[in-house]
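Engineer: Okay, here's what each chain looks like letter by letter:
4 protein chains.
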Amino acid sequence: MSKLHAAVIGAGYWGPNLARNFRSSPDWDLVAVCDLDEARARKVVGERSTVEVVTSLDELLARDDIDAVAVATPAATHARIVTAALEAGKHVVVEKPIADGGVAGRAMVALAADRGLTLMVDHTFCYTAPVLKIRELIADGSLGDIQFIDSVRINLGLVQPDVDVFWDLAPHDLSILDFILPGGLVPTAVGAQGADPLKVGQSCVGYLTLPLADGAMAHVHVNWLSPTKIRQFVVGGSKKTLVWDDLAPQQRLTVFDRGVDLRETSADRAAAQISYRLGDAWAPALKESEALGVMVGEFAAAIREGRPPRTDGHAGLRVLDVLEAARSSLADGGRLTPIHSMEAVK
Amino acid sequence: MSKLHAAVIGAGYWGPNLARNFRSSPDWDLVAVCDLDEARARKVVGERSTVEVVTSLDELLARDDIDAVAVATPAATHARIVTAALEAGKHVVVEKPIADGGVAGRAMVALAADRGLTLMVDHTFCYTAPVLKIRELIADGSLGDIQFIDSVRINLGLVQPDVDVFWDLAPHDLSILDFILPGGLVPTAVGAQGADPLKVGQSCVGYLTLPLADGAMAHVHVNWLSPTKIRQFVVGGSKKTLVWDDLAPQQRLTVFDRGVDLRETSADRAAAQISYRLGDAWAPALKESEALGVMVGEFAAAIREGRPPRTDGHAGLRVLDVLEAARSSLADGGRLTPIHSMEAVK
Amino acid sequence: MSKLHAAVIGAGYWGPNLARNFRSSPDWDLVAVCDLDEARARKVVGERSTVEVVTSLDELLARDDIDAVAVATPAATHARIVTAALEAGKHVVVEKPIADGGVAGRAMVALAADRGLTLMVDHTFCYTAPVLKIRELIADGSLGDIQFIDSVRINLGLVQPDVDVFWDLAPHDLSILDFILPGGLVPTAVGAQGADPLKVGQSCVGYLTLPLADGAMAHVHVNWLSPTKIRQFVVGGSKKTLVWDDLAPQQRLTVFDRGVDLRETSADRAAAQISYRLGDAWAPALKESEALGVMVGEFAAAIREGRPPRTDGHAGLRVLDVLEAARSSLADGGRLTPIHSMEAVK
Amino acid sequence: MSKLHAAVIGAGYWGPNLARNFRSSPDWDLVAVCDLDEARARKVVGERSTVEVVTSLDELLARDDIDAVAVATPAATHARIVTAALEAGKHVVVEKPIADGGVAGRAMVALAADRGLTLMVDHTFCYTAPVLKIRELIADGSLGDIQFIDSVRINLGLVQPDVDVFWDLAPHDLSILDFILPGGLVPTAVGAQGADPLKVGQSCVGYLTLPLADGAMAHVHVNWLSPTKIRQFVVGGSKKTLVWDDLAPQQRLTVFDRGVDLRETSADRAAAQISYRLGDAWAPALKESEALGVMVGEFAAAIREGRPPRTDGHAGLRVLDVLEAARSSLADGGRLTPIHSMEAVK
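Chains as they are written, first to last, in the numbering used here: chain D, 1 to 346; chain W, 1 to 346; chain F, 1 to 346; chain H, 1 to 346.
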């Protein structure tokens, strides 16, 4: 099978990782790296390389030896660049969040559908071994009904003038939730609390609460100010509970056969008998591989098979809807704010 | 110095720990254990022991060879038992929360003041080596201004019919906050979100948000449904950040000389320059000793010196005020709810 | 069933733990604590207690209301005290090592057999949940053939004038090996290397190598000088490998379904094909209970049933034989030194 | 400054890492990768690259546009390839161990000196942030006198037909010891114990004991059969003790202000008083950078400045001397075997 031809647009923080993975992929030939800053693009390409450096987006998109582009520019520029690329007939994978607002995001998704092109969002974590395993264990009923999900993602982060900690970090957690929940991320409401102790005009510490079906709840803690890095994700189920500690290299995922059983002995729920199980723990073996490598492979497969990719534009919009509702909740003292999503689940 | 004479009331979950510590204290002579269930009280006393077993509260309080009582009964009974003890002229230490409502609590505190008796709340964690060290590091300015505090206390817990997870577990976190914050726990408001996935009629998973002075925020996560135990407490300061992991026996407390610096370069706050420090970490040596032993020592010292104990009735009321406001916030979709505390800080 | 009557001899470091467990055991009534130092013994007994304090060993042994004694005195005194107790018709449990030399040890075991009395060695670790589980997993073939065992027990320890680190700490490791190996601890030889960097005249850092059956090897690292405590025990088997980390309170025991497979493809062993399995890990639930409580229960059961206890005098002698051979190896530059044990395995 | 021109010889396990670091180094231009297997070499070079692929060693060495070569072939081939490269006037960095025998190794070192060429050994760990910091803390006296060093390096490893676990893994530990000890690795003797439970004809589990100056001792545990990876290195000093846990990404290095103090109260050493300090722990910030990148930078600097590199041929020979003496000790039941090293310390 001949390779597809790709270009990476944006040679900043994430672009080099995309370029590296396109280069080493059996599915792709990386033709060019595009950035307004030629030196920065050249650094990504490296020496003794025949990958081209392009500084003009128009020039890049006008070429007909490029099938697809990967867009790794600031969120505020996504709408313009992705629209131009789709109009030039290129398949697109774009960094998260898909756009900086729902209207722009929906227009991009509609355009891609209209042109019959693949529009994918780089929800990288959805291509990691732990997340794939969590999705599998929920889907096959191993964990039982979801009772709660708690995600902590805290670390020293780059305080940014125009993006708060929710828009910077929470897309990771929200895209994971969207991917693992059987019906996708379609909470009815979201509550958000934020703090700005540095007084930079943006939340640097944030908490999201997402009521899920049947009384369950998801909670997300994102924080730029913590010197200690914590990435912990707990899924409490009626049968088993799962803990993903992304910083425990030798045992990322643990499934506990422990939990709370409720035996209804009468019509009165509150009088039900509660019992506790304290069983074994189990750490499934994970086949580690670089997530971005899996992602670019999925991008190629979706293009070739003419099917939506695993993390398509609609997934990107579901994440965006939560971020926008969180902004409203934040302005309303953290009260649960309804989300009116119209995004079908893949 | 002759010993003070004590009795423990309540031989359930916590009573045996109190009894053991009164028995081994150089300040105390444990005279009796009192419980309606004689066998249960006898079990606490043990064999080949001359500690008495008493089943009548009135009989116990009528004795004049007892200086003080420790009350370890359900919260709903505190008002009645503590009031009777104070009226009988006994000094009292009572389990947390001090009462199941603010009115009852305030009456108890007033009665003790009126009679000139010591009323202490057993905020046990305030007598542990890590909490004492945290208080010291905040007080002496080592951490700088508080920016955020995040407390996680999750574990398989006993789902109870009449007490939710906030009233069961959060008093620990709130009493610690009250103890370490220079001005005590006097937030202006509290937001609470809870989930009841087991449908027992009570929150089993709960989150509290407490705006503090100067844009800082405290957050508490309490959870009865987690099979994996986490007890982590992070204090982010403008100079240093501290992490207390109570389950890391060999390094409970770590102070990171890392953080975010803000250099204002213009009138525009958002354009301020942010820089990052990545310095050493430091784990202060802690002198471990059983917290309850320290607590009963403080109880004796407060009685002898006629001064308020470290965790006095007012501290108990400040915790109670937050719990009551949280109940209101929960009913209002998690919106920040004002707290009108009248409790002076010790 | 009526209780058996016990006395504890020696109120130093370990005696208080024994006393506490005899007191709380349903099988035992603790009658007395015996020590030359009356104040020390009285402190173990505590206040408001009717347990007696005795300062004369002869007087204690002469009483006929005592069925058994627990001896927690220095190793050099074991032979004299245990012999006196057996001659007085008392059953005995003695701290490890059973004696400070093989001749004395063998005489004690012979005397007990002669009198029909129970002689048990307090190999405490053999009564912990992890060790019981390890023994079970080896016995039922879950781990396959043993390939290597590596035990590390390092910590700041009390440098002692007359006992080196081997005699102080290694009895723990050796007694565990004796308990879990299907044939008991009967290595053909032992190699020992030691260091005395403080120049106290005794090894403070020590390493033991024990060739086991079929090319397997056990290794023990004991160290008094390490400020960081490590207690890790690895059992490598042909089917699975087990890691016991005694300081990981939430997951002490992990069984890895990983390892090395050897497929012989020809007569030439060295040309055999090696392959690697990388499967799941599994952490069996452990029923935690205080080991000393289980130990005093086994002591009572052995006496009542007239059978050898789980860690009998012969187990004590097998440990002693290794310690004595290690002393010879140390003097011979660490060369493997034969052990001629005559101890039958229980 | 113009770049130096390099080629990598050997495109197996380690070659790709060397190639990647030469490519991204500001000091080097990677001209070619050489391997008998053209496809393997081409895979290292990658697509859209102008780095050349060469299959003939003679052809490679005959080129005059190459200043230096990095040799990443099996140890048995080092002598032949390195000698040819030096005779062709190329500077050489060679993988560890420098050779498979002392005679060959010494000839290589002599030849390089004779020709005025740089001969460096790729002791990669000596270029990592933790090892550089350990060396610094020993050199500046922070740890005091060395009392013991214990290194554990266990993991599932590739059982090899012609190299045992000592020759495969111990060069890492020995090169680290050589680098951090003020006088280099010049023990007077070595003891070795090994086990071959798979009966492949080679030790798969190995232990080395190295008496150091003043009663100190170093010990190394290398193991191919452990499914759990442990890389722990403890340096016990008279002032402080250091623990390097290479798998604790957030706190690799910890320095404990704890230890054992010896106060001599009389001429009798054994009667000296021992006391214990239990102070703070301290985790120095480490500037992380890829060790191989630092190594290729040092290689360039040594060539340009005409000085010996940090890990020169003599360091390689000191490691080799220990490996050869260990082989003798293994054959003598583990007895300490003298080492007659003639290698001066840099």
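If you're looking for bench data, these hints aren't it; they were derived computationally from the structure. Incorrect hints may appear among the rest.
Which copy is meant is left open, so a pair is good if it fits within one copy or across any two.
The calculated lysine to aspartate or glutamate pairs, modelled on EDC-like cross-linking and capped at a C-alpha distance of 16 Å, are [stated by the list, open to error]:
1. K229 / D280
2. K3 / D67
3. K199 / D145
4. K43 / D100
5. K3 / D27
Engineer: All the hints need checking, so say for each whether the structure fits it.
Structural biologist: Status of each hint after checking the structure:
In this homomeric assembly, K229 and D280 come within 16 Å of each other (Cα to Cα) only across copies, at 15 Å, whereas the closest approach inside a single copy is 28 Å. Taking CA atoms no more than 16 Å apart as the test, K3 paired with D67 passes inside one copy only; the shortest distance there is 10 Å, against 37 Å between copies. For the homomeric pair K199 and D145, the shortest alpha-carbon distance between copies (13 Å) is at most 16 Å, but the shortest distance inside one copy (41 Å) is not. In this assembly of identical chains, the alpha carbons of K43 and D100 never lie at most 16 Å apart, being 28 Å within a copy and 41 Å across copies at closest.
In this homomeric assembly, K3 and D27 come within 16 Å of each other (Cα to Cα) only inside a single copy, at 5 Å, whereas the closest approach across copies is 34 Å.
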